[in-house]
Amino acid sequence: MSAVVLDPHEVHIGTREAVEQARALARRSIVGTIRQPQVWLPGLLFPMFIAAVNTSTMGRSTSIPGFPEVDSLLDFLLPASITQSVLFGGLSAGSDTATDIQTGFFDRLLASPVSRTSILVGRLTGASVMGAFQAIVFMAVYGAFGVRLAGGVAAGLLLVVYAMVLALVIGGFAAMLALRTGSAEAVQNVFPLTFIALFISSAFFPTELMSGIYRSIATRNPVTWMVDGARHQVIVGLDWSEGARSLGVAAVLATLSILGANAALRARLRQAS
Amino acid sequence: MTAATVPGRAERSTSWVPVAIMLAQRSLVSILRIPAAVVPLVAMPVFFVIAFSGSFSSLTKLPQFPTDNILSWMVPFAIVQGSAFAGFGTGFSTVRDMETGFYDRLLLAPGSRLALLVGPILAGVVRCTITLTIVLSFGLALGADLPGGLMGVAALWVASVGVATVATGWALGLVYRVPDQRAGPMLQIGIFFAMFLSTGNVPVDAQTGWVRQIARVNPLTNILELARQGFLGDVRWSTTWPGLVAIAGSLVVLWTFAATGLRRLVR
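Heads up: the sequence lines are chains A and B, in that order.
Note that our numbering gives residue 227 to position 227 of the first sequence, counting from 1, and the numbers run on in steps of one.
Counting the second sequence from 1 gives a position; our numbering is that position plus 273.
It should be emphasised that the hints constitute simulated quantities derived from the structure, not laboratory data.
Built from N, CA and C at the ideal position, the CB exists for glycine as well.
Among the clues, some could well be false.
So the derived label-pair ranges between C-beta atoms look like this [to be verified]: (1) 41/A - 507/B: 44 to 50 Å; (2) 37/A - 451/B: 15 to 21 Å; (3) 181/A - 507/B: 50 to 56 Å; (4) 240/A - 423/B: 17 to 23 Å.
Taking lysine to aspartate or glutamate and the EDC-like style, the derived pairs with C-alpha atoms no more than 20 Å apart in a straight line are [claimed, not checked]: (5) 334/B - 69/A; (6) 334/B - 418/B; (7) 334/B - 478/B; (8) 334/B - 208/A.
Listed next, the stretches of chain B that the computed footprint assigns to chain A, with coverage defined by at least 3 CB atoms under 8 Å from CB atoms of chain A [stated by the list, open to error]: (9) 323–330; (10) 427–437.
With these hints in hand, go ahead and build the complete structure from the sequences.
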């Protein structure tokens, strides 16, 4: 690393400036994402396509004894689609961090009097705002196809908050990888892991209708805990304890991934100085 | 494409067979040299067997489902899907050859260009046979039924080779027109669309709505019926010939796409 790096101890930045910098970096992150529809559009369209296909091919499965009572399979799939979209989209935040490292923008940030924490906060805030946007789009589109939130407006807000926290989970994890490896490709290679975590959960089918070891793994998968809590708001009604479970699991995972990303940032700063 | 090419028929009289075999070998060696290439060939189909069978095991409770063993339904689907990705992999290794300039040298060489099309087919056949062997063994070990016996395996192999060859045609046709890494997502999307809009997860009688209409006319539905028949009962001509016709029709369309793409590339 040959970049000129300001000593972190010499970068004395007030809270107000740090917040302002984080805001500017978050704005950059959001604008950068919006300008690359090829990055975020598949993350919206692919889950919609999967849900549309599954609703048509497996629509009759809602009549299988043990399936939660729903008007349509699409009701059941709404939280899964939001989760899938946010998990895929959150990876792009990590990829963008890696791209910043590869293109030298990260080094220029380090050479300037920018709060180090703002670099991470800005990127994660951008991912979180995108998560909210994704949740709103899914609720609007699925709403147009007849999905009604049993928990009403409050359930909708809960889903938006859930998507934002989930974006922090995957965004933090992806940023950690990006900061450790400096490679966008390495971040993208995590994609199959998110796919596996999603599939071996209750996202696409209720765990009550699974069997054997698969069911055992799915019921212990944190994705199941998050999705089930969010789903309850859609198909049963507003339930704060279910909502708290969903948000609580997401918040714990988000804290862990942000701590991991922060440690990776500090390690990179040590390496650079 | 800026390389000088050798269009004269007289100069291209060298036999295409050894060249095709060499190209196939070259494509297969990339599986050993690039470990990531094993993922779509073996890891993905194995994962699909586990994930789809685990998630959707209760679908067999639907009265329209022809078996009560979800593995017997999902294992052939995963193998056909892996075979499609075998063809995809062959096309993608052609992209690498184009980017490194190796393909330009092939076009300059005094051999028949038929080898450029046949080589990837051979590679696709070997790749999908690897997929079939590993995923079938895995599926049978997990408990899939195979009442059709060896004839059932033969029907599955024919379907796999057919799908791999069709997918190779699709991949080559596309990479001849978009000769860089951008072709990757387009290739995958084409394969995913064909797979999901068929009877991959659920038989057509159990489907509802718009996908059912598409699945009825999707050639892959007949190919999957050909592939699955040995897992659901005896192999019969009535469930074999529609699959063969679907493969033949798809081959004509997608290999015309590939051949015209090659002609365009050379021009």
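Structure versus earlier hints - violations, ascending order: 4 and 10
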